[in-house]
Each structure stands twice: as structure tokens, then as C-alpha cells.
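There are 2 protein chains.
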Amino acid sequence: METDTKPHAAPWVVQLELEPPSLKDNTADGDRLCQALERTTGIRGMRIDYQLLQRLPDTLRQSQWRVRCILADQPEGSRLLDVRPAADRRPVWGVAVDLGTTRVVLRLLDLDQLTAIGELAFDNPQTAVAPDVLARIHHTDRSGGLDQLQGLIVREINTRLGELCRIADGSPDNIWAMALAGNTTMTHLFLGLPPGRIIREPYIPVANRPPLLQASQLNLAIQAVAPVRIFPNVGSYFGGDLIAGILYSGLHTREETALLVDVGTNAEVILGNRNWMIACAGAAGPALEGGVSKIGMPAAPGVIERVRIHPDTRAFEFKTIDDQPPRGICGSGVIELAAELFKAGMLDIRGKLMPAECGPRFQTANGISHLRVVTAERSATGRDLTLSQPDLDSLIRSKAAMYTILETLVASVGLGLTDIDTFYVAGTFGSLIDPTAAITIGMLPDLPLERFQVLGNSSLEGASQALLQPRLIPAIHAIRDQTTYLELNVNQEFMNRFSAAKFLPHTDPDRFPSVRGNKYKVL
Amino acid sequence: METDTKPHAAPWVVQLELEPPSLKDNTADGDRLCQALERTTGIRGMRIDYQLLQRLPDTLRQSQWRVRCILADQPEGSRLLDVRPAADRRPVWGVAVDLGTTRVVLRLLDLDQLTAIGELAFDNPQTAVAPDVLARIHHTDRSGGLDQLQGLIVREINTRLGELCRIADGSPDNIWAMALAGNTTMTHLFLGLPPGRIIREPYIPVANRPPLLQASQLNLAIQAVAPVRIFPNVGSYFGGDLIAGILYSGLHTREETALLVDVGTNAEVILGNRNWMIACAGAAGPALEGGVSKIGMPAAPGVIERVRIHPDTRAFEFKTIDDQPPRGICGSGVIELAAELFKAGMLDIRGKLMPAECGPRFQTANGISHLRVVTAERSATGRDLTLSQPDLDSLIRSKAAMYTILETLVASVGLGLTDIDTFYVAGTFGSLIDPTAAITIGMLPDLPLERFQVLGNSSLEGASQALLQPRLIPAIHAIRDQTTYLELNVNQEFMNRFSAAKFLPHTDPDRFPSVRGNKYKVL
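Same order as they appear, the protein sequences are chains A and B. Sequential numbering of the first sequence, starting at 1, is according to the numbering used here. Sequential numbering of the second sequence, starting at 1, is according to the numbering used here.
Next up, chain A with everything else stripped away, as it sits in the complex:
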């Protein structure tokens, strides 16, 4: 809960040579070290950790007054974490964490060299107890449920950090700082804060600005005194992962108005520039992530990620991960498939399969239309891979919701979608989406492609920046504090927009001039 805006920050590792004490200068050891550090770094009010103070006299003398200091110069205060002989070259690491509902990514950083060392991704172990945000919050209503979920993620992070450090020829003892970005619920579960009211009117988190903690407070198996920075949340539905994404994008520093969207089951959008920011979030449904169709699955070998349909022969061409025989299709693949089907005339503007155009790929079962995407002979499963009309309907609703959310947010400040100078696509899933395909189905607005910027795992990148460039930390709080959250009212106007967006690409084709011109390209 800080508003400090100190522009500079000292490095994490500082090499020092101290003047040894004498009768002429009998400053205490702790003060001598702090004064030298203050002279070198410009920090005022440096605090020495207590345990460190106890062993400081021996360290200083054994190192003959040439030392290497590990310090945390944070807006919340400057702390000296460790002092060791200058010759001691043990690494000084930090870890950035992207704490996703489904997937967690750790990135090990060298805080001395300011470089990334390694990365490790794994499933959030809470998924085994409760698959999604809602189920996890309900799980905390049970006695011991919150402790259980917190313990699961903390232990898993500890285990995985051990692995990651071993690969880098070190140990978690080398880790002196952590920065973590996650959505509001994941942050609450990680901190052991009861999340129950996040989903209940009037939707109140326990904390939007978690305090800077120490690793020992969270049972993290890194250095006990390591500061742990948790990205703050704007609110229940706009979490620290987005704040980290904004930080990484630089949207908050630019003169031109930009939009950042994290595409997923929940669409989170922020619009603004260095002067103002407005955010909203809304349910887009799981269809965009491939979560509803029978053949939808997360990215893995054999999963279809790219699709092309020849406009004349209507032959399907696929790119699967690792070029393995197809076994399913990922979310971005579904979007691309729908876009290609539409361009090939196999879907009408309502997103309905056209039996004549689909030819032998069109099938019905129990009165439901299906499209055979891959035949049993070519698939890895030995069964046809099919997409049903309800799957497509669900995708249409999701893409319409996405577009409507974008349109509503932009309209709320009197702008149009074409006024957006840069369109950042955040998040790991977003980075897989081909903007051309997303435009074709009318999920994203029809902007020149060069205006789209794919950020990748922007949550992890933002968390990394908080460690590698601590001078940016005040910006994290500034972004949070300056962001106005727009509560999406699902009123008649919203519903009208939504209805208009439930077409491919839209009831108003003039909004998507490029779609007609999309050309077939061989993969």
C-alpha cells in the first residue's frame, strides 16, 4: 500500500571496500557498512536484517573489509539482505512467477548480471482439487480448504524451484527475491486470503494491494528474508497478471491510446495511455480457448495449431505441434478453422455449417450437424475428429462477447475501435492467435496488422521486470491506482451490440473491409 515514487533503485548486488575502523574512526560495524552503502548507492535509511547484524563483525573482518552486499532497494524501504566476502561468487538469483489458474511458469533471473537463466512451466496443482476459479473459491468454503489450496501451490512452487535451480547448477538458497503476478483469486489463494467474497455481490477481495512480504512468511523455500512482491489487483476481475502485462507493454507510458486484451474464458481489456486508463472484464466463455468442443485441447504434440482450406478444392491443410498425426485442436486452431471455413464458404455469416459446401465432411448425428475435420485414418486417435454445430455456435457467442466488450469499452470514452493506435494481445493463449483469423471471424477489430502486438506471457515478463528493473515498481502501483474499472452493464445497448456481433464477421461488413480481401496462403 505504497505511493512512493522514488525514481531510482540501487542494484541488488553491490561490491564494497570499507575503510577499516581505527581510533580516529570508530563507527560501529553496522553503521560503517550502511554509510558506505549509502555513499555508493545513494540510498537513505538502509535497514540491516537482524540476523545479519549478529554475524556482521566476523564477516567484515574475515573478508578484510572487502564485501559483496545483497540488498533490496524497494519503494517500501531498503533492506540489506546479506553480506559476504567479495571473493564469494555464489550466484544471486531472483524468481519471477506467472501464477495462472491452469498453468504456472517460473523464470529464474540472475540479479547480478540482470539476465534470465531458465524457465519452467507446470500445471497449477490446485486444478486437481478444483478445475477453475469458481470451483476453487467454493472449495475454500470447506473447513481447511483454503489452507489446502495454499499449501498445494506453495509446495509445488518449492519443488519446481528446486528442479529449476538444479538445472542451473544452484539451489533455492541462491534465490533472494520473488515477484509474482496472478489473477485476483490465484493471488488470494497463494497468500491464504479468504477469496469467498470475490464471487459474491458486491465482489470484494480481501486485498488489492498485498503488502511486500518475506519468503519465510509464506513458507517459500528460498532465502527466508527474500522480499516477495505480489502484483496488486484493480479488483476482483482485473488482477495482478494484467497489471504486469500493462507494465510490460508500456501502454501506461505512451502518448497514443492503446488497448491491451487478454483473451481467455474471461476477457480482460484495458484502454488508455499515459494520461488515463480504463479497464473492464467480461465472460467470453471457454470456447476461445478450445474448452468446449470435444476435440479441443491444450497445446501438445499432435494438436492442430494452424489450418488452411483451399478456396477452390476445399482441401484441408494442417500444421500440428511437432508435426505429429492430429489428435485434437487448440483454441487458436479453432479460431483459424472457423475463419478458413467462413472464407471457403463452408460457414454462412451466422456461423452455420453449409451442408452443400461442406460436402462429405458434413455429417449429422442425433439431429446435430457436424463437420469432420480429420478422418479416422489420418488421426492419431483412430477416430474421426469432428466439430459440432453447437461447438461453432459457442465459438460465435464467445467471439461476439469479446468484440462487444472491446466495442463497449472503447465507446465508453467516445472512441471507435479504429482509433486504437496499438492493440496489445497479452497472455500465452493470446500469443498463439493469428490476428488475421481473429479479424476474419470478427473477434478482433479490423485494424492494420502492424497495429497488433503480441506480448507473449506478459504476466511473466512484467514480474521479471519488477525484479530486473526495480525502479519500475512505483509504476506498478501507479497503473493500479490510475486505472478506472468500468463495470460492464449487460443492458439493452450491450445486447444490441452483442447481437450484431454474432455474425461473421459482423452484421455490418463495412467494419471489416479486409475480410473480403483475405487470400488463401499455403502454410
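Note that these hints are calculated values from the structure, not bench results. Don't take each hint at face value.
Same chains, same label: a pair holds when it works inside one copy or across any pair of copies.
16 angstroms max Cα-Cα, derived EDC-like pairs, lysine to aspartate or glutamate [what the hints assert, rightly or not]:
no., residue 1, residue 2
1, Lys24, Asp421
2, Lys352, Glu317
3, Lys294, Asp393
4, Lys319, Asp434
5, Lys24, Glu119
6, Lys24, Glu487
7, Lys24, Asp446
8, Lys24, Glu201
9, Lys352, Asp141
10, Lys294, Asp147
Put chain B on the given structure of chain A with help from the hints.
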């Protein structure tokens, strides 16, 4: 290690009524509380303790948004320590500690009412292991010695706090803050910091500015999150007890130049005003505290504290503690006895017993002169209480050392002792000394009596102020930082001054014009 000079501080206890959350205002619980506190107190950057955050949602709702907050608004940062329903009237206490080498005093304070509740004094349990500062430091050279001494004092404080709280109908759980003042060595032992180099050239403490700690870090059995403020030291021989004394005296705020002296085995002196302060310390010997004579003892029932000798009859008149039969004499009693003996002509200006003037009270044993102070028939011990010539010689050396230290410090800034506007006598022992007697033997300079101000236990008073008036805390650090420590060079000039001061009251009687005029007063 703080230089913050924030002028105000919020109270420890703040009553609040919060606006309950609604769809129109769905600020998180933690942020809602902090914002309300910030509005009420003006604090920026309030930090909520982590465990408190975990139970905050329930507390806020169970108390129907009317709460009582316990907070620590300190220059090192503002922390929220507890939140409870407004109706919960459990007391909120703090404890001030005067950590003496021999004696420890605890004072319980009500942090809500800002009043003192009770006090408890006890012997420092480290005395049993090693009686004085030197012996204790040597004890830490042994394996486990430091831990042993730290454990002794911490456990004893915990036990005594339990007693003190019981008397006040509460428990140590009601204690939310501690402030402690002690000399540099006692502070080191309390913190478990190795003090070995304090007494070895070039006399280096581990820390002169200990960090603000939490009670749990020191195993103090009060609230785990309670801030523990340790008064900083100027150096090895000018400790936090003196800083606390200066704070209490107000010397550092006054236009006029004042002097503060803590009379004891070690004489610690500070001279200055709001613009400058200079300090020194030197050995005066244990004689001033009654520590060398056979009949010297600390204040207790039957101990002689006041003495009068009729100038004509040379009859002795005593005031003993609790009016019990005399069993010994305390340090201030010895000073008074010497002053009276001198005025009655029984001591010459060299401090030697005059056989003729002492009459039957004069005795020799093994060639050493003695003065019988109390006869066996009148004493509580059934034996004569006698003072030897060596006891008196020792007293003369001590008082001469004391005076020389004062003179040297004052001369170092080009002043004379008569330029001192106010002469503060600090410390419990100092408060027992009758300035008239001290002037008579030439221990204190011959200033008008109204210039002397006896401060009592100024260390405890300063520690109490740090809790009751937190806005004074920056002054603690300012006093420390602004004080120049003068290393006393025992050179020829010092020795000349010392030799001249080894007379009663001085070789230069013009410095003590009042002494000749001292009149006998019946007790």
C-alpha cells in the same frame, strides 16, 4: 538507520466507522480500511500485517464495520497491528524499559489513554554470571556465553512483564509496543550482538543504530508483531540510556547551553544546545556509587542517605531509609558525609582525616586511619560502621575525575563551567545526590542551586516518551547523529586539571565561593 523527520505521528489506537462495501464501491477490505485510516490519520503508505489481513474480512463484518485499530506509525514505516470490533475494550499497552547493568526497570503504559499504569524494578539477572560490563563482555568470549546472557535478560523481562501485567489486571498479550534504553553493552547483550570489540581498541560496537525489530524476533512474550525500539548509541561509551536522558531533558531543543551528566562508575556527560552537542565519557571509579568502602551499599532499609555534622559539637545526625537502625551508607550518603566532615573541619583540603578534630571517632587499624561513623551499639549490624582513609582517598579521586571530565568538556568548546545555564543530573543514582554536598566536595561546579535539575530515571523517562509521543522519535536519531563524541585524552593538561581537583573543593577556592558560606542545617 533512519533519517525521516516526519513531524507528526498518528495515535496508537484509532476508532473507525467504515462505509460497508457496495456495488458502487467495491474496494477490497484491506484497501478500504487503509484508506479510511489514511483519511483519519493522514498516514500514507500504511502496511497491514499479513496475518491480520487473513482474518480481516471476518473481523470487519462481525464488527459491522465499526472497528478499533492498533497501529504503529513510526518513522521507519506505518503498520497496522490489529483490528478488533469497536466494542472490544481490551487494553492496549506498551512497555518502556530502562535496561541497566545492575538494575532493570519496566514501566507499563496505556497507549490509548497515554498514561503510565505501573512500574517494576529488578536486578539484571546477568549480574549473577558477571557483575559488571567488563566481566559480561569477557563472558561472551566463551562458547554460548552471548546466548546465555541474552536468554537471561529476555526471560527475566518476560517473567517480570507477566507480574507487572497481572498487577494491572491484564496480560503481556495486551502489550503492542516496547521501547528500551540501555548502555551500549547492555543493548548488545539484549540483541545478541557480539560486544567483544566494544572494549578492545579501536572500540567498535556492532551497531549504534539497531533496526526497529518485532517482538517475535527477540522471543519477547508480548504481541509478536509489536515494534521494539532500541535507543541508538553514540558509541561504545555513550549509549542509548544517555540519548534517552537527553530526549527527556529537552537539552537538544533549548537555545541556552546546558550540560547533562550521568554520575556513576563511568561519568557520561553531554554539553550543548539546539545547535550543537558534544559528549564524552570517562571512568570516575566506583567510589561515587559507594562501591568501594566497606560500609557502602545500595539503597535499602537502614542505609544512611543523609548526614549532618553539627559544626560546633561535631555531633552526627543521620537519616536512614525507612528510619531503620543504620547498617551501611549509600553513594550519595558518602558524598554528603565527606562534605559534612570537610565543613566541620574533620577532613583537611587534601581529604585526610584530622585526628584531633575527629576525636574518639578517629581510629587506626594496621596503620590505616579510620573514622567511626556509627558505633556498634547504634548500628543494625552490632559492629562499628567505619570509613577508612583509603575509602576517602578513593572518593577524592573519583570526584576529581568527575570534575575534570566536566571541566575538560566545557573547555573544549571554549566555555567555562559557570557558563552553563542548566545542569541536568541524570540517572537514578544522580537523583539521590544533594547538589550542595556535591559542590562542597568539588565534585560538581559551584553554580546557583536553581541551575541544577535532577531528572530521576531519565533513561526510563526517555523510553516512555518514545512510546507516548512517537512524534519525538526522529529527535532520538537527530540527537545521536548530531552529537560529537570527544575522546578524552589523558594528557598532561588533563592530569594537571585532575591534580588541582584532588582537593576539597579545589586548589583554587575561588571557583567555589559558596562552599565557605555553607551553613549547617538540621535535617
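Unmet hints by their number, sorted upward, for this structure: The structure breaks hints 1, 2, 5, 7, 9 and 10; every other hint is satisfied.
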